[in-house]
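S.K.: Model the full structure from these sequences, guided by the hints.
Quick note, the sequences are listed as chains S and W, same order. So in this note's numbering, spot 253 of the first sequence is number 321, and the numbers just go up one at a time. So in this note's numbering, spot 169 of the second sequence is number 200, and the numbers just go up one at a time.
Misleading hints may appear alongside valid ones.
[To be verified] Result set (DSBU-like, lysine-lysine): computed pairs, CA atoms no more than 30 Å apart in a straight line:
hint	chain 1	residue 1	chain 2	residue 2
1	W	K102	W	K131
2	S	K273	W	K131
3	S	K323	W	K121
4	S	K273	W	K121
5	S	K330	S	K273
6	W	K121	S	K330
[Said to hold, decoys possible] A few chain W residues that don't get close to chain S, going by computed Cβ distances all over 12 Å:
hint	residue
7	S40
8	H56
9	N64
10	D133
11	E199
12	A256
[Stated by the list, open to error] Facing chain W, according to a computed beta carbon distance under 7 Å, are these residues of chain S, among others:
hint	residue
13	V92
14	P211
15	G212
16	L214
17	L215
18	T218
19	S219
20	E221
21	H224
22	A225
23	R269
24	A272
25	K273
26	S274
The hints are simulated quantities; they were obtained by calculation from the structure and are not laboratory data. Remember, predicted model here, so these are calculated numbers, not experimental data. For every residue, glycine included, the Cβ atom is placed at its ideal position computed from N, Cα and C.
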Amino acid sequence: MITPVLITAATLALLAGPLGCFVVWRRMAYFGDGLAHSALLGVAISLLIGISNQLGMILIAIAFAVALIWLRTQRLLATDTLLGILAHAALSLGIVSMALLGMEDAEVHDYLLGSLDSVSPDMLPILVLGSGLSLGLLMRLWPGLLLMTTSEELAHAEGVPVRVYEFLLMLLMGVVVAGAVQLVGALLITSLLIIPASTARLFAKSPEAMGVGGSLIACLSMVIGLPVAEQMAVPIGPAIVSFSVALFLVALSTKLLIDWAKAKRAAA
Amino acid sequence: MNTSNLLISADNLCASRQGRLVLDHVSLDLAENDFITLIGPNGAGKSVLLRHLLKLETGQSGSVTHRDGLKIGYVPERFQIDPTLPMPVKRFLGLNNELKPDAIQTLAAETHCEALLERPLAGLSGGELQRVLLARALAASPQVLMLDEPAQNLDVSGQLQFYQLIEEIFEKRDLSVLMVSHDLHLVMSSTRRVVCMYHHICCSGAPESVARDPEFISMFGKDMAQMMSVYQHSHNHDHNSENEAAS
Chain S
69 MITPVLITAA
79 TLALLAGPLG
89 CFVVWRRMAY
99 FGDGLAHSAL
109 LGVAISLLIG
119 ISNQLGMILI
129 AIAFAVALIW
139 LRTQRLLATD
149 TLLGILAHAA
159 LSLGIVSMAL
169 LGMEDAEVHD
179 YLLGSLDSVS
189 PDMLPILVLG
199 SGLSLGLLMR
209 LWPGLLLMTT
219 SEELAHAEGV
229 PVRVYEFLLM
239 LLMGVVVAGA
249 VQLVGALLIT
259 SLLIIPASTA
269 RLFAKSPEAM
279 GVGGSLIACL
289 SMVIGLPVAE
299 QMAVPIGPAI
309 VSFSVALFLV
319 ALSTKLLIDW
329 AKAKRAAA
Chain W
32 MNTSNLLISA
42 DNLCASRQGR
52 LVLDHVSLDL
62 AENDFITLIG
72 PNGAGKSVLL
82 RHLLKLETGQ
92 SGSVTHRDGL
102 KIGYVPERFQ
112 IDPTLPMPVK
122 RFLGLNNELK
132 PDAIQTLAAE
142 THCEALLERP
152 LAGLSGGELQ
162 RVLLARALAA
172 SPQVLMLDEP
182 AQNLDVSGQL
192 QFYQLIEEIF
202 EKRDLSVLMV
212 SHDLHLVMSS
222 TRRVVCMYHH
232 ICCSGAPESV
242 ARDPEFISMF
252 GKDMAQMMSV
262 YQHSHNHDHN
272 SENEAAS
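M.R.: See below:
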């Protein structure tokens with residue numbers, strides 16, 4: 069059982085690395101949280117109408133992104149306020165609907181914090197394929213997305229369809245959410261995106277290095293965190309995230325040490 | 032004006048922001064080898080006009096026509112890069128285009144950016160950043176260079192150097208310049224035409240005639256007009272001798 073799950077987790081992590089860079093650069097962490105919380109509503113809806121969980125979550129992610137983009141153009145409220153409203157509305161509605169549909173508390177808990185029990189084996193190949201295709205799409209969009217992150221106005225003037233790109237970026241985040249909810253849990257998905265990217269940032273000198281570094285670090289967290297969590301019989305999501313935070317702390321102290329040594333040598 | 036050398040033509044453009052008309056029947060033509068400096072008080076709609084000329088926005092009425100295959104290099108007014116994005120200048124110049132490393136070198140030499148190529152974009156000073164943005168705008172060999180208050184965050188000597196660089200590029204390259212700038216006295220010698228706007232085009236023409244225009248004087252005051260005529264004098268001279276040499 070564990071090996072197919074590990075392969076799936078590793079492909080998701082490969083996608084989460086470079087995607088997480090955009091979450092960091094474009095300050096979309098709160099958006100990622102909102103998207104992840106709304107995934108629970110997606111699970112409830114897919115139960116209700118009888119489609120697969122992943123499909124339900126992707127559909128809700130699209131609805132979430134469209135609602136956010138539309139509400140933002142109305143300029144009624146600040147984006148973080150809108151996100152707060154949308155995210156918590158989706159989270160509450162999701163949990164209430166799950167309870168009404170007769171889901172056990174333990175099962176809801178699994179969706180919040182991740183569990184191997186909730187992973188259905190027949191979904192794994194689709195998840196691997198989905199993250200692979202998403203990674204391919206991300207690589208295609210990479211230069212345009214980078215330009216747009218550097219300066220949206222410049223990208224627009226140079227003919228990058230910025231609204232389309234923005235939507236596709238949100239969609240890709242939806243794919244990661246749909247793929248990772250059952251493994252890591254809705255509460256912790258954003259950390260899968262931002263912690264590896266932030267760790268890679270400490271040493272990266274180019275955007276590509278940060279993306280690749282993020283991928284490797286996310287993979288490492290998954291590949292080590294998953295078996296350890298199973299061995300110790302602790303919730304998977306928190307175990308993986310704890311491990312990646314540990315990696316981040318090691319990297320951060322190394323970086324600070326190197327900088328300190330450099331400053332000292334320069335002063336001498 | 033001969034229509035065949037027109038690059039951009041705006042015809043009776045109207046646009047509003049938050050229910051207020053910011054462009055009120057604006058018509059403006061940019062031809063080959065033009066150097067237009069666009070001036071006007073804050074909130075006059077200069078940046079909005081630029082965005083329309085770039086076709087980043089479309090107005091309520093009126094039209095903007097580009098010559099077929101027109102390439103525009105653009106230096107936006109605001110540029111702020113998140114420091115978490117590690118972007119060396121070299122990578123930025125070659126981003127989303129097919130620029131070869133030696134083409135990047137040449138471009139950097141032209142805009143005095145050679146020493147900056149390995150530095151991260153987020154760590155540049157105001158003047159350095161403007162030169163890099165200028166290089167980026169020139170990367171696609173545009174026929175038009177549009178700059179939106181490119182020197183507003185520079186100190187006086189930085190402004191002077193930057194405008195000199197623009198002049199150099201204007202002389203060396205086969206392109207037209209459209210620039211929003213308040214530093215009219217510094218760009219006088221290269222400006223062929225000043226367009227003064229406040230939602231509509233108030234007056235336009237050669238710098239010396241604009242400086243005498245009553246609308247210009249009422250908008251910018253006598254001091255500015257006088258200052259312009261002072262700079263005008265030497266400019267007239269240069270311009271004439273240049274024309275004579277050419278003919």
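S.K.: The structure should be examined with respect to each hint, and the outcome stated for every one.
M.R.: Structure-based check of all given hints:
1. K102(W) x K131(W): holds, 19 Å
2. K273(S) x K131(W): holds, 20 Å
3. K323(S) x K121(W): holds, 25 Å
4. K273(S) x K121(W): holds, 12 Å
5. K330(S) x K273(S): holds, 17 Å
6. K121(W) x K330(S): This hinted pair holds, its Cα atoms lying about 25 Å apart.
7. S40: holds, 18 Å
8. H56: At about 25 Å from chain S, H56(W) clears the 12 Å cut-off, so the statement holds.
9. N64: holds, 22 Å
10. D133: holds, 20 Å
11. E199: holds, 23 Å
12. A256: holds, 33 Å
13. V92: holds, 5 Å
14. P211: holds, 4 Å
15. G212: holds, 6 Å
16. L214: holds, 6 Å
17. L215: This interface hint holds because 5 Å falls under the 7 Å limit.
18. T218: holds, 6 Å
19. S219: Check passed: Cβ of S219(S) comes within 5 Å of chain W, closer than 7 Å.
20. E221: holds, 4 Å
21. H224: Holds, because the Cβ-Cβ distance from H224(S) to chain W comes to roughly 5 Å (cut-off 7 Å).
22. A225: Because about 4 Å separates A225(S) from the closest Cβ in chain W, which is inside the 7 Å limit, the hint holds.
23. R269: holds, 6 Å
24. A272: holds, 5 Å
25. K273: OK, holds: K273(S) within 7 Å of chain W, min 6 Å.
26. S274: This hint holds: S274(S) lies near chain W, its Cβ roughly 6 Å from the closest one there, short of 7 Å.
Violated hints: none; the structure is consistent with every hint.
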